[in-house]
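Novice: Sequence:
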Amino acid sequence: MDVDRSNAVEPAASLFALKASIRRSIEAAGIPYTYIVSNGFAEYFLRNFGQSGATVPPRDKVVVLGDGNIKVIFNKEGDIATYTINAVDDPKTLNKILYMRPPANILSFNEILSLWEKKISKTLEKIYILEDQLLEKIRGEFIPNFNKDTFLLLCFDLVIGGLSSLSLETILPTINCMIARLSQDSK
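One point on numbering: in full-length UniProt numbering, the residue at position 73 of the sequence shown is 73, and numbering is uninterrupted.
Because the hints were derived from the structure by calculation, they are not lab data. Possibly wrong hints are sitting among the right ones.
Unchecked claim - With a straight-line Cα cutoff of 25 Å, these simulated DSS-like cross-link-like pairs (lysine-lysine) come out:
(1) K76 - K119
(2) K71 - K126
(3) K137 - K122
(4) K119 - K61
(5) K122 - K71
(6) K76 - K118
(7) K137 - K61
(8) K137 - K126
Produce the entire structure from the sequences given, and follow the hints as far as they go.
Specialist: Okay, here's the thing in structure tokens:
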């Protein structure tokens, strides 16, 4: 997620503000940088679809944050590493933000569930936690067995719509560096 373009709620908003202030310090000091916005780690989320305490994808029922229709970007960790390594020596990324947004990796939670249901030949029972319910949980009692920061980031992306909801018109004027341009060099 790009901490400079976030509409997160507390307590995630404070975490993002801290990260944004670190960016400003780097820039003010004149330190060369490339910020990598890698979005969701596919292995971390897709191994259990974000289900608390689960080690495998669900086969009976699944908790869906929000209505499941917000698009999220999931990138394989190895691909993130490859693009990061390639960006280090690429002058096109110097003092820029590298957004990793491969079009095939942008899916809604409902689309992911549909693919899974097709694979296992079974329809899952879906339990929806809508945005207002989720905000209550964030502000009050917390969901057990969940890393709080991870949960907040998932909530932000899955319900409110994180970076995947930003249009290219919104980010291109200040960025000038998209993963598609670099991917031609990275096979």
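Novice: Please go over all the hints and tell whether each is borne out by the structure.
Specialist: Hints and how they fare:
no.	hint	result
1	K76 - K119	holds (20 Å)
2	K71 - K126	holds (18 Å)
3	K137 - K122	violated (30 Å)
4	K119 - K61	holds (15 Å)
5	K122 - K71	holds (23 Å)
6	K76 - K118	holds (22 Å)
7	K137 - K61	holds (20 Å)
8	K137 - K126	holds (19 Å)
The earlier numbered hint that this structure contradicts is number 3, and it is the only one.
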